[in-house]
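Residue numbers (the working numbering), protein chains in the order written: chain A, 1341 to 1481; chain B, 1341 to 1481; chain C, 1341 to 1481; chain D, 1341 to 1481.
Since the hints were made in silico from the structure, they are not lab data. Fair warning: this is a prediction, and the values are worked out from it, not measured in the lab. There's no promise every hint is true.
What the hints assert, rightly or not - Pair by pair, the computed Cβ-Cβ distance ranges are:
#1 Thr1458/A x Glu1423/B: 26 to 34 angstroms
#2 Pro1463/A x Ala1466/C: 50 to 58 angstroms
#3 Pro1463/B x Lys1461/A: 27 to 35 angstroms
#4 Gly1385/D x Gln1478/C: 44 to 52 angstroms
#5 Thr1458/D x Gly1385/C: 46 to 54 angstroms
#6 Lys1407/C x Gln1459/D: 44 to 52 angstroms
#7 Lys1424/D x Lys1461/B: 46 to 54 angstroms
#8 Gln1348/A x Ala1439/D: 15 to 23 angstroms
#9 Val1382/B x Thr1458/D: 26 to 34 angstroms
#10 Asp1394/B x Gly1383/C: 25 to 33 angstroms
To be verified - Below, a list of computed lysine-lysine pairs in the BS3-like style, where the Cα atoms sit at most 27 angstroms apart:
#11 Lys1460/B x Lys1456/D
#12 Lys1407/D x Lys1393/C
#13 Lys1393/B x Lys1393/A
By construction, the Cβ of each residue, glycine as well, lies at the ideal position given by its N, Cα and C atoms.
There are 4 protein chains.
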Amino acid sequence: MNAMYVYQTRIRLHDTDAAGVIFFANQFKIIHDAYEGLLETVGFGFAELISHKDFFLPIVHAESDYKMPLSVGDVLEVRVKVEKVGQTSFTLSYALVNARKETVGTGRTVHVTVSKATQKKIPLPADLRAKLEKLHRQDKG
Amino acid sequence: MNAMYVYQTRIRLHDTDAAGVIFFANQFKIIHDAYEGLLETVGFGFAELISHKDFFLPIVHAESDYKMPLSVGDVLEVRVKVEKVGQTSFTLSYALVNARKETVGTGRTVHVTVSKATQKKIPLPADLRAKLEKLHRQDKG
Amino acid sequence: MNAMYVYQTRIRLHDTDAAGVIFFANQFKIIHDAYEGLLETVGFGFAELISHKDFFLPIVHAESDYKMPLSVGDVLEVRVKVEKVGQTSFTLSYALVNARKETVGTGRTVHVTVSKATQKKIPLPADLRAKLEKLHRQDKG
Amino acid sequence: MNAMYVYQTRIRLHDTDAAGVIFFANQFKIIHDAYEGLLETVGFGFAELISHKDFFLPIVHAESDYKMPLSVGDVLEVRVKVEKVGQTSFTLSYALVNARKETVGTGRTVHVTVSKATQKKIPLPADLRAKLEKLHRQDKG
């Protein structure tokens, strides 16, 4: 296991629904929390991204698989990998692992770089690219 | 019953939690949906507010009472009243009424007008004041 | 356009985030609202499913594509198709269409039938299968 | 500062809305997270409450004040106090404190004990009462 970044969290009551376990869309919320945590570790938080950068990083594709139900109180690790760094996009993958080290779910998000000015795709900024490629290499190393 | 504005909605699975009924914070989400609906009826949607106005309308106080549990699929009316229009603030009250005409919950939100430029309280803009006062009068009429 | 079921909704402030448009996970919330609406039209609401049936219908896979950003106040149609009805699973696909008839996003969910008693996969119950197959046929017809 | 229980959290993108700061209802979500954390520290998690207890603890009243906006990435302490322990209810109060030790918001929730069997109010169970009263005393001590 050489995941670049591990995010610790716990399932809260608001993550669940009346069927008794996590509402499926909240798995996406949780993997995004992990993505925000990863960006913070490379000095690239969303506050700065939204206020001070000239680009957005919208998600253009997201998917999740659900292998076991998650219940309120469950402790969870989200292991994030930088799967691919492209010209104008990057792909992250996620594994949700419970306290018994079982993979209860997985996810993937594809992000593109969009200029705030033109709303068009632009190449990944050099500093972000460098950080993502470093994570990608470590991940494989 | 002379509520100015009635918003129709239905409890969805994501509104509930593992205790089987609505998660309490989602009652606040629902009353805000009704508030957005009311603003739209007076030609004052949030899209315009956020993009084209020089003020925000942050909520400085919110409260709710819960009289009966709400379950997934329950049809709901939210009856909104303009309770008070002040110099720099206004207060809305809400009654959540189920299909059997029972009041299952109530709420209240207090909003202030804050300049986007200075982040300080400013008097209610004349057009918004006029619209809210009209709703307030009809409500009592 | 022969989608079986069309769900009308509107983007609310709580669907958005500080980047100014819909938070990606909320597109999944919205397609599930549409799925609940579809089940209600065939007399099969979640309240009954949770309280009176001996099976669950958990989602084992979900995916979305995002083609255009959605903003607060945007009116939306969610067009739901029954894509496939299998032995122990079914697949739904979704198209999110804005007021200008542009497809702003798509989605897909795969559901399995799980016994509440054994927590194991079971064949789709006959009545649910019949309803889904009818929708599937109409959809292609 | 003698708050009984302090919960650490961080504002995530999904907590915010297109106005740029936290969506007011999410302050209620966050104080409930802190309440769940407090119950866990006294060995009384929601998983057990939902599955193994013969009572619920529904919220019958909730309120919040908002003193300063919260933005994505903001680190937050939620300081929880047991304000009152009654016959069939208890009241918790919350202070949200940012990294500069400013109180950015406050909250209060009132909980009642309801029998799962009869759906009627019952006296607080002895073990829960003992735990809450101990927290209440420490809080004042």
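Here is what the structure says about each hint:
no. : hint                                      : verdict
1   : Thr1458/A x Glu1423/B: 26 to 34 angstroms : violated, 45 angstroms
2   : Pro1463/A x Ala1466/C: 50 to 58 angstroms : holds, 55 angstroms
3   : Pro1463/B x Lys1461/A: 27 to 35 angstroms : violated, 44 angstroms
4   : Gly1385/D x Gln1478/C: 44 to 52 angstroms : holds, 47 angstroms
5   : Thr1458/D x Gly1385/C: 46 to 54 angstroms : violated, 26 angstroms
6   : Lys1407/C x Gln1459/D: 44 to 52 angstroms : holds, 47 angstroms
7   : Lys1424/D x Lys1461/B: 46 to 54 angstroms : violated, 33 angstroms
8   : Gln1348/A x Ala1439/D: 15 to 23 angstroms : holds, 20 angstroms
9   : Val1382/B x Thr1458/D: 26 to 34 angstroms : violated, 45 angstroms
10  : Asp1394/B x Gly1383/C: 25 to 33 angstroms : violated, 51 angstroms
11  : Lys1460/B x Lys1456/D                     : violated, 48 angstroms
12  : Lys1407/D x Lys1393/C                     : violated, 47 angstroms
13  : Lys1393/B x Lys1393/A                     : holds, 23 angstroms
In this structure, the hints that do not hold are numbers 1, 3, 5, 7, 9, 10, 11, 12, in rising order.
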